[in-house]
Amino acid sequence: MGRLSLVDERQEEITLAFYEVAKEVGLENASIAKVADKMKISKGLVMHYFDTKESLIFALNDHILKSYLNFVVSEKYINISTREELESYISSLFSREWNYYIDDGVFYSFYAMIYQNEKIRQNYKGFLEAIRNGINTILINCYNKGIILNSDIPKISNILYALIDGAYFQLGAQINNEDNYKNESQLFIDHALGLLNFSKLN
0 MGRLSLVDER
10 QEEITLAFYE
20 VAKEVGLENA
30 SIAKVADKMK
40 ISKGLVMHYF
50 DTKESLIFAL
60 NDHILKSYLN
70 FVVSEKYINI
80 STREELESYI
90 SSLFSREWNY
100 YIDDGVFYSF
110 YAMIYQNEKI
120 RQNYKGFLEA
130 IRNGINTILI
140 NCYNKGIILN
150 SDIPKISNIL
160 YALIDGAYFQ
170 LGAQINNEDN
180 YKNESQLFID
190 HALGLLNFSK
200 LN
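In numbering that gives the first Met the number 0, the protein residues as written are 0 to 201.
Don't take every hint at face value.
[Unchecked claim] Quick list of in silico lysine to aspartate or glutamate cross-link-like pairs, EDC-like style, CA-CA up to 16 Å:
(1) K33 / E53
(2) K42 / E12
(3) K199 / E83
(4) K37 / E19
(5) K75 / E96
(6) K65 / D102
(7) K37 / E11
(8) K75 / D61
(9) K65 / E128
(10) K37 / E23
(11) K22 / E86
(12) K65 / E96
(13) K65 / D7
For the record, the hints were derived by calculation from the structure and aren't laboratory data.
Start from the sequences and build out the full structure, keeping to the hints where you can.
What follows is the structure, encoded as structure tokens:
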């Protein structure tokens with residue numbers, strides 16, 4: 000992969016600063032001016048790269064998506080070759096590993112904005128499709144290797160993502176209670192695994 004251009008580097012720096020500001024004050028209260036203060040640069044310099052808050056939100060969405068895809072389609076799982084590895088992958092999708100990639104408060108503030116802005120809604124739709132496609136890629140690989148026998152992989156991927164998304168929201172209430180979190184997450188993992196028709200050869 001080639002080195003980022005100076006413009007790309009600066010845009011990434013500003014996007015990450017916007018993310019940090021959103022964590023501190025909430026996405027709805029984050030602004031170009033606050034990003035400039037955070038970076039100790041002029042507001043005009045920020046606007047040279049992002050002329051509106053909406054453009055910053057789109058950049059943040061792209062950053063979130065790339066982070067999530069690095070998790071969902073990581074090198075660790077892209078070449079799954081056994082049932083045990085697939086079960087480990089499914090379990091990871093219901094873990095708190097997601098938190099390493101995006102703050103819950105920022106994510107759900109971003110999620111709320113899809114009901115207020117059509118462009119952001121379309122942007123988020125692309126985000127969901129990319130994540131589902133990532134899961135789909137993993138499962139197709141497992142199907143091709145004879146680990147699972149499901150032929151309706153796109154349908155399974157869609158249901159699985161919906162289960163993950165709903166579980167993540169519900170499990171957020173249990174993050175300070177490890178036993179409850181573990182019990183509830185295992186319930187979702189078992190249901191997710193129940194969607195898969197495992198080959199008896201694996």
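Tested hints:
1. K33 / E53: OK: K33 and E53 at ~15 Å, within 16 Å.
2. K42 / E12: holds, 14 Å
3. K199 / E83: Holds: K199 and E83 sit about 13 Å apart, inside 16 Å.
4. K37 / E19: holds, 9 Å
5. K75 / E96: With a Cα-Cα distance of about 14 Å, the restraint between K75 and E96 holds, given a limit of 16 Å.
6. K65 / D102: Holds - the C-alpha atoms of D102 and K65 are around 15 Å apart, at most 16 Å.
7. K37 / E11: The hint holds at about 14 Å.
8. K75 / D61: violated, 22 Å
9. K65 / E128: holds, 13 Å
10. K37 / E23: Holds, at about 11 Å.
11. K22 / E86: Given that 16 Å is the threshold and the Cα spacing comes to 33 Å, the pair is violated.
12. K65 / E96: Roughly 15 Å separates the two Cα atoms, so the pair holds.
13. K65 / D7: Between K65 and D7 the Cα gap is close to 15 Å, so the pair holds against 16 Å.
In the structure shown, a violation is registered for the earlier hints numbered 8 and 11, in ascending order.
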